[in-house]
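Numbering (our numbering), first residue to last: 6 to 175.
Where hints are given, some of them may not hold.
[Claimed, not checked] Below, simulated DMTMM-like cross-link-like pairs (lysine to aspartate or glutamate); rule was C-alpha separation at most 20 Å, straight line:
1. 129 / 97
2. 50 / 96
3. 89 / 101
4. 53 / 106
5. 50 / 65
6. 50 / 101
7. 53 / 96
[Said to hold, decoys possible] Restraint-style ranges between C-beta atoms, simulated for each label pair:
8. 103 / 125: 28 to 34 Å
9. 170 / 82: 31 to 37 Å
10. 74 / 166: 29 to 35 Å
11. 31 / 92: 17 to 23 Å
12. 47 / 122: 24 to 30 Å
Everything labelled a hint here was simulated from the structure, so no lab data went into it.
No residue lacks a Cβ here, since even glycine has one placed at the ideal position from N, Cα and C.
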Amino acid sequence: MKLAVASSLAALLLVLCTLPSARAVTLQVEPKTTECFYHHFEADKGAKFFWQVVRGGLLDVLVQVKYEGVHSSAATLGRVIFEKMHFEGEEEGFYEFRSGEAGIYSFCFNNEMARFTAKVVRFKIIASAEWGTDVKGTDDEGGTRTASLLLAFLFYFSYACTVVLEQEER
Numbered sequence: 006m007k008l009a010v011a012s013s014l015a016a017l018l019l020v021l022c023t024l025p026s027a028r029a030v031t032l033q034v035e036p037k038t039t040e041c042f043y044h045h046f047e048a049d050k051g052a053k054f055f056w057q058v059v060r061g062g063l064l065d066v067l068v069q070v071k072y073e074g075v076h077s078s079a080a081t082l083g084r085v086i087f088e089k090m091h092f093e094g095e096e097e098g099f100y101e102f103r104s105g106e107a108g109i110y111s112f113c114f115n116n117e118m119a120r121f122t123a124k125v126v127r128f129k130i131i132a133s134a135e136w137g138t139d140v141k142g143t144d145d146e147g148g149t150r151t152a153s154l155l156l157a158f159l160f161y162f163s164y165a166c167t168v169v170l171e172q173e174e175r
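Construct the entire structure; sequences and hints are all you get.
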């Protein structure tokens, strides 16, 4: 019995070490421009969006999250679901949400208010489905059930570690 528990723990540790980790992206937003990144979400999926202005001017940038619809195009304006003028050092660069509808969501950094100063922004998007918080399975009768308690704990633990690491990097 103890050998089975020990081998299960070793396997769990291996799973935790091999799970994909979210990587931060760093970019420069030129004056008078907006830079957007797009991610497709299924309906009712959770996400956490972290950002930090690393360099440039007053370390300020307008942050927007928009629902672009099922197909994104240059003609689509998108429905704004979050908008905030962010000043680094005054508040955390963090927004958590659940996708209300399936489709493409944009994450934008607007530096159009700047006349001469580019901003360097670092950001990360963590979708909960990537970490298993929305993982479902099927039981023997074909009905939907939640994944095993141990597996669900592992996914949650991995997700929590990623969030802690993100906070420590600040």
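For each hint, the structure was consulted:
1. 129 / 97: holds, 13 Å
2. 50 / 96: This hinted pair is violated, its Cα atoms lying about 25 Å apart.
3. 89 / 101: Given that 20 Å is the threshold and the Cα spacing comes to 13 Å, the pair holds.
4. 53 / 106: Status holds; Cα separation ~16 Å.
5. 50 / 65: The given pair, whose Cα atoms are some 29 Å apart, is violated under the 20 Å limit.
6. 50 / 101: holds, 11 Å
7. 53 / 96: Measuring from Cα to Cα gives roughly 16 Å; hence the hint holds.
8. 103 / 125: 28 to 34 Å: Since the Cβ atoms of residue 103 and residue 125 sit about 30 Å apart, the hinted range of 28 to 34 Å holds.
9. 170 / 82: 31 to 37 Å: Since the Cβ atoms of residue 170 and residue 82 sit about 35 Å apart, the hinted range of 31 to 37 Å holds.
10. 74 / 166: 29 to 35 Å: Cβ of residue 74 to Cβ of residue 166: about 34 Å, so the range 29 to 35 Å holds.
11. 31 / 92: 17 to 23 Å: 19 Å Cβ-Cβ, so the 17 to 23 Å window holds.
12. 47 / 122: 24 to 30 Å: violated, 38 Å
In summary, the structure is inconsistent with hints 2, 5, 12 from the numbered list given earlier, while agreeing with the others.
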